[in-house]
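Fit chain B to the supplied structure of chain A, relying on the hints for placement.
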Amino acid sequence: AQSVSQHNHHVILSEAASLELGCNYSYGGTVNLFWYVQYPGQHLQLLLKYFSGDPLVKGIKGFEAEFIKSKFSFNLRKPSVQWSDTAEYFCAVNAKAGTALIFGKGTTLSVSS
Amino acid sequence: GAVVSQHPSRVICKSGTSVKIECRSLDFQATTMFWYRQFPKQSLMLMATSNEGSKATYEQGVEKDKFLINHASLTLSTLTVTSAHPEDSSFYICSATDRRDRDGYTFGSGTRLTVV
Chain A
4 AQSVSQHNHH VILSEAASLE LGCNYSYGGT VNLFWYVQYP GQHLQLLLKY FSGDPLVKGI
64 KGFEAEFIKS KFSFNLRKPS VQWSDTAEYF CAVNAKAGTA LIFGKGTTLS VSS
Chain B
2 GAVVSQHPSR VICKSGTSVK IECRSLDFQA TTMFWYRQFP KQSLMLMATS NEGSKATYEQ
62 GVEKDKFLIN HASLTLSTLT VTSAHPEDSS FYICSATDRR DRDGYTFGSG TRLTVV
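Which chain is which? The protein sequence lines are A and B, in order.
Under the working numbering, think of the first position of the first sequence as 4, with each following residue one higher.
Under the working numbering, think of the first position of the second sequence as 2, with each following residue one higher.
No lab work stands behind these hints: they were computed from the structure.
Every residue gets a Cβ at the ideal spot worked out from N, C-alpha and C, and that includes glycine.
Where hints are given, some of them may not hold.
Chain B regions said to be covered by chain A (calculated; three or more residues, Cβ under 8 angstroms) [unchecked claim]:
hint : stretch
1    : 35-45
2    : 88-100
3    : 106-114
Here are the in silico distance ranges between beta carbons for each label pair [to be verified]:
hint : chain 1 : residue 1 : chain 2 : residue 2 : range
4    : B       : R113      : A       : Q48       : 40 to 46 angstroms
5    : B       : F40       : A       : S29       : 20 to 26 angstroms
6    : A       : S6        : B       : S16       : 42 to 48 angstroms
7    : B       : K56       : A       : E67       : 18 to 24 angstroms
8    : A       : E67       : B       : T18       : 43 to 49 angstroms
9    : B       : L69       : A       : I15       : 40 to 46 angstroms
10   : B       : V4        : A       : H10       : 31 to 37 angstroms
11   : B       : R101      : A       : W86       : 34 to 40 angstroms
No farther apart than 16 angstroms at their CA atoms in a straight line, the calculated lysine to aspartate or glutamate pairs in the EDC-like style are these [stated by the list, open to error]:
hint : chain 1 : residue 1 : chain 2 : residue 2
12   : B       : K42       : A       : E91
13   : A       : K52       : B       : D104
14   : B       : K15       : B       : D104
15   : A       : K99       : B       : D102
16   : A       : K99       : B       : E88
17   : A       : K99       : B       : D104
Same shape as in the complex, but just chain A (with noise of 0.2 angstroms):
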């Protein structure tokens, strides 16, 4: 079975600082991953996924992710994070499209001004 684990539970930074959250999914085949934002009192949006070809995915509102797969890793990154980032973010995993997402317990990033 697939599982996925996202390592740091609450990130507080102050804006224009480097953002690197990390992800980490246990599974023994091909995945797909995703990251997911959640911002309070909405629902979930993709910020970016990986399926295969170039592990260096970009994503909207400035966000990458590398895919390392010897590390069985997805890790977020933002250069410089901004107030409005203010949000859970959430990895997830599939093994095949269509397939439901498995989710990481989430991430709380507070960005203070």
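Showing chain B alone in chain A's frame:
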């Protein structure tokens, strides 16, 4: 873009009553819908997967008689929490995939259920 409407957004019910949560895909046909439950500060836990016109597939540990899922059309899935108890209080989220883009998942805004 694809939109999934979920309602109600909040509901308070008395213990022993049933509550129905609706999830509609507004501008696409959802071949598959997923129902999740989210506890505070925890992950979204998959409850069940429903395909239009067939019975839902429940995850281990989820009581199918308690959490009734119906996916009668390509745009509507419902989750009914039957004989609700305080421990059923939680945040329930639906997600749908478009039959034309099975790699795309659209999420509803969630339903906060409080059982008193």
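For each hint, the structure was consulted:
1. 35-45: holds (count 6)
2. 88-100: holds (count 3)
3. 106-114: Held - the stretch 106-114 of chain B has 5 residues with a Cβ nearer than 8 angstroms to chain A, which meets the minimum of three.
4. B/R113 - A/Q48: 40 to 46 angstroms: 19 angstroms, violated
5. B/F40 - A/S29: 20 to 26 angstroms: 21 angstroms, holds
6. A/S6 - B/S16: 42 to 48 angstroms: Given about 33 angstroms between the Cβ atoms, the range is violated.
7. B/K56 - A/E67: 18 to 24 angstroms: 41 angstroms, violated
8. A/E67 - B/T18: 43 to 49 angstroms: 47 angstroms, holds
9. B/L69 - A/I15: 40 to 46 angstroms: 42 angstroms, holds
10. B/V4 - A/H10: 31 to 37 angstroms: The hinted range 31 to 37 angstroms holds for B/V4 and A/H10, with Cβ atoms some 33 angstroms apart.
11. B/R101 - A/W86: 34 to 40 angstroms: 37 angstroms, holds
12. B/K42 - A/E91: With Cα atoms ~10 angstroms apart, B/K42 and A/E91 stay inside 16 angstroms; holds.
13. A/K52 - B/D104: Holds, at roughly 9 angstroms.
14. B/K15 - B/D104: The given pair, whose Cα atoms are some 39 angstroms apart, is violated under the 16 angstroms limit.
15. A/K99 - B/D102: Holds, at about 13 angstroms.
16. A/K99 - B/E88: 33 angstroms, violated
17. A/K99 - B/D104: 9 angstroms, holds
This entry does not satisfy hints 4, 6, 7, 14 and 16, going by the numbered hints stated previously.
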